[in-house]
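2 protein chains.
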Amino acid sequence: MPADVLEKLNLKPFESVEIGHPDVQRVAPKVHVTAGENKVVDSIEDVVKATLKDGMTISFHHHFRNGDYAFNKVMDVIIKLGYKDLTLAPSSLTGVMNDKVIEAIKKGVITNITSSGMRGSLGDFVSHGGLKNPVIFRSHGNRARSIEDGEIKIDVAFLGVPVSDPAGNANGQDGKAVFGSLGYALMDAQYADKVVLLTDNVVPYPNTPASIKQTQVDYVVKVDEIGDPDKIGSGATRFTKDPKELMIAQMVNDVIVNSPYFKQGFSFQTGSGGAALAVTRYLRESMLDKGITAAFALGGITKPTCDLLEEGLVKKVMDVQDFDKGAAASMAKNRDQQEIDASWYADPHNKGAVVNNLDVAILSALQIDTNFHVNVMTGSDGVIRGAIGGHQDAANAKMTIITAPLVRGRNATVVKNVETVVTPGDSIDVVVTERGVAVNPKRQDLIDCFKKVPSIHLVTMDELQKLAEKQVGAPKKLEYTDRTVAVVEYRDGTVIDTIKEVKD
Amino acid sequence: MPADVLEKLNLKPFESVEIGHPDVQRVAPKVHVTAGENKVVDSIEDVVKATLKDGMTISFHHHFRNGDYAFNKVMDVIIKLGYKDLTLAPSSLTGVMNDKVIEAIKKGVITNITSSGMRGSLGDFVSHGGLKNPVIFRSHGNRARSIEDGEIKIDVAFLGVPVSDPAGNANGQDGKAVFGSLGYALMDAQYADKVVLLTDNVVPYPNTPASIKQTQVDYVVKVDEIGDPDKIGSGATRFTKDPKELMIAQMVNDVIVNSPYFKQGFSFQTGSGGAALAVTRYLRESMLDKGITAAFALGGITKPTCDLLEEGLVKKVMDVQDFDKGAAASMAKNRDQQEIDASWYADPHNKGAVVNNLDVAILSALQIDTNFHVNVMTGSDGVIRGAIGGHQDAANAKMTIITAPLVRGRNATVVKNVETVVTPGDSIDVVVTERGVAVNPKRQDLIDCFKKVPSIHLVTMDELQKLAEKQVGAPKKLEYTDRTVAVVEYRDGTVIDTIKEVKD
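Respectively, the protein sequence lines represent chains A and B. Take the first sequence: its position 126, counting from 1, is numbered 126 in this note's numbering, and each next residue is one higher. Take the second sequence: its position 324, counting from 1, is numbered 324 in this note's numbering, and each next residue is one higher.
Isolated chain A (complex conformation) (with noise of 0.2 Å):
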């Protein structure tokens, strides 16, 4: 973007992965005061009048992922009332929400939007164009702290939650539709003029523990049902059986294990699917074999993490979002599984928060290149198909791994230049794919520890690029107008990459 647009759009472009030592003024909510006995309400129509204008800007979670009913609801009365030029700024977007959005975003209803990112039907239709201002993408950290600098100001928040008093006292932990830890929804709460709750449940005062507390609430409206329990996440686990999947995962775990930061008290956060399930089992073996434990697990938290908790593998499980039902189910059950909100799990301007503190990050990427710069937000196509999610903020930890099959499909996952740089590869250690295993060359430490290795196959990005270019061909050059449709933040506010709307 050049930079009279940033300059316009108030917008400095990235420099540093180094966050440095500014002073930050925080900002806070206005508070319509009230006894507050009682904020049970039945219409959602009658809360949005009450709170809601033309040109604000309103919130949601993704807790309940895509069994999400909380959005949908208040969105229809959104649009039905003929509300103007809102700004939506949500934890982020799920599939379920699709349709709404482009509803409202048609009927003029939604002109902005900041997220961690969109798929689908949605990703294609900004990528074409639907949305006249640019998407601005924010990592959960970065979410957290423009909520907290005032960058982003929540006039209105409706957050839906399984449980609630009538008061506005509410977690994620009782109910139907159990989504666990409230962790990104924890900074709405906090920060929004006025905060809206959903639920299908409202139990006798006073619920606890109160993630969200009545302090912060100012209407709990009463559905009939807030989301589907069987879509919030996946239910059983089940650990991959694809062989490349396993291959990388077992290179990981290697990786780890002979790496300087696998020892008595170490942290790692992964994340879902698969290969990171298999992680999970594979790091589980070593840790048994070498007697070793691990002072925290973190990040959005699946149920064989929270397994080892239970055997005492794992001290502690700072929990800002839950992946599947079992982790949900678990953070009610183990006081030890600490709900955690994104400022404290990530917001860079912070007087530290637990990403600052990680060992060991595994991450996922759509596409790494050689400079080992990582797109988690288009796909080869150059249509936005993902999120940021906290992959900016893990990016952070001691050592981070990127794990990716080096093709997928006719696509090339290694690739000489990303479509778009979400996280720079300045905070990028370890490439793991199933041909071998780079290491960043600002890391020689982390060379000279892994090629001591039998099992670890050190290769370059370049080398691996060009296995990729081998085995599926040179990625066709994409072709995109000149119209910006979305931004993409560092994390801490800086712009490091802007997307293009791509020509059919």
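Because the hints were derived from the structure by calculation, they are not lab data. From a predicted model like this one, the values you see are computed outputs, not experimental measurements. The C-beta atom is built at its ideal place from N, Cα and C for all residues, glycine as well. It cannot be assumed that every hint is accurate.
What the hints assert, rightly or not - With beta-carbon atoms standing in for the labels, derived distance ranges:
| id | chain 1 | residue 1 | chain 2 | residue 2 | range |
| --- | --- | --- | --- | --- | --- |
| 1 | B | 129 | A | 50 | 51 to 57 Å |
| 2 | B | 242 | A | 292 | 55 to 61 Å |
| 3 | A | 37 | B | 54 | 42 to 48 Å |
| 4 | B | 23 | A | 242 | 53 to 59 Å |
| 5 | B | 8 | A | 426 | 53 to 59 Å |
| 6 | B | 84 | A | 43 | 56 to 62 Å |
| 7 | A | 417 | B | 54 | 53 to 59 Å |
Dock chain B against the given chain A, drawing on the hints supplied.
Just chain B now, kept in the frame of chain A:
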């Protein structure tokens, strides 16, 4: 205090116990960004030099009560370094801090104080004009309000804790000097620009539960000992054997049980002290008799209340402070003993605090007058020897009961006019003495209830006052100078009374 003086101090006179529905802009701290992995330092002096400037506002909490070592350790350094013109804004001041506060005042280090109260030598010193500027006394809920609204802007908070990790994740539940809930200190941790923890117990990262979070903490100072466990609260709980106290407690129980509030899911707050503990014992028997359980117990918590929780007679304990070792130890064991901060407890400028949902509050009094006004701040000699605590806040309950002996020694407790109005008569419903029960004439509904109960001897405040006067004579008229030594705020920040310098 004359209107022009009030205006100069930007204070408004008390008007009503009704809080209304103001819109309040909250404030937020300034954050100095750091990676924050390890904040442990050895020297209080280095931290004071790095954070404190002349004229700033400093704060402390009083959860260690008379076992506190943090206050004197820090004030010794501040006095030694010769700071001037500081405002001292602790949650309250306990006797163990008195000598140091007086020394700091005499040396010009402290020139302003706001506190819940003060006793002993410090109260005497201030009442005799020892501090140039008037002290501002605020209830716990009012302190929370003032911090959240920006009336109290804490520059540096020095908070002693029995356990922290190197990043500042801390609670009051582990270590040698355990005090349980960190309720009051949570305000300082959230709103102060600089937060300094002091502890004798640094444990591996991450320490959970984290009542105070690493995101809030700038420094963790390691000290030899942070508190004397034996002086934090009363040790073993002993019920009173004083026949007068037992009679009053029995009568309080009769009042509660025969009120419309004694029903399934009711709620109550009792204080500490012999009579309050005895009330809890009688109430337990009544609850068992009638098969009634309480939704929650609130307030400064004692072991007998935690026993009710264990027994299932109370569903939740909402805990802003623990008064004894048993209650402090219980918090780590029982997840239904919920730590609440002072805002959640009682900030009147809120979207609802727990006190708003309170059915029955049992409170004490140094004096109570025929208008039901209560004094918990000055003795019958006019000298400051008390604390508002949560008195004004809990008096917000649907039925507020004051327990008081008719006389104490040679001084009447029930008087024509209290020396200092702290809690206005409008929020007091019932007064229980050993000579009878007086009900506020505004509560004809309660009078109608109680007059059917043979065991409740209804009297008027006039009758009680005359009985007291007959016993100990009319109180002698106290002599004061014109100088105001303290301002007593109502919980909404208006001025309900002032305290004058006593004449010797």
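Starting from the range 51 to 57 Å, see whether the pair residue 129 of chain B and residue 50 of chain A falls in it by beta-carbon distance. For residue 129 of chain B and residue 50 of chain A the Cβ distance comes to about 52 Å; the hint holds.
Range hint 53 to 59 Å (beta carbons of residue 417 of chain A and residue 54 of chain B) holds or violated: holds, 56 Å
Honestly, do residue 23 of chain B and residue 242 of chain A meet the 53 to 59 Å range at C-beta? Given about 57 Å between the Cβ atoms, the range holds.
Range agreement (Cβ of residue 292 of chain A with Cβ of residue 242 of chain B, hint 55 to 61 Å): Check passed, 60 Å falls within 55 to 61 Å.
Whether the CB-CB distance between residue 84 of chain B and residue 43 of chain A falls inside 56 to 62 Å: With a Cβ separation near 58 Å, residue 84 of chain B and residue 43 of chain A satisfy 56 to 62 Å, so the hint holds.
Look at the Cβ atoms of residue 8 of chain B and residue 426 of chain A and judge whether their distance stays inside 53 to 59 Å. holds, 57 Å
Is 42 to 48 Å respected by the C-beta to C-beta distance linking residue 37 of chain A and residue 54 of chain B? The hinted range 42 to 48 Å holds for residue 37 of chain A and residue 54 of chain B, with Cβ atoms some 45 Å apart.
When each numbered hint is compared with the structure, no violation occurs for any of them.
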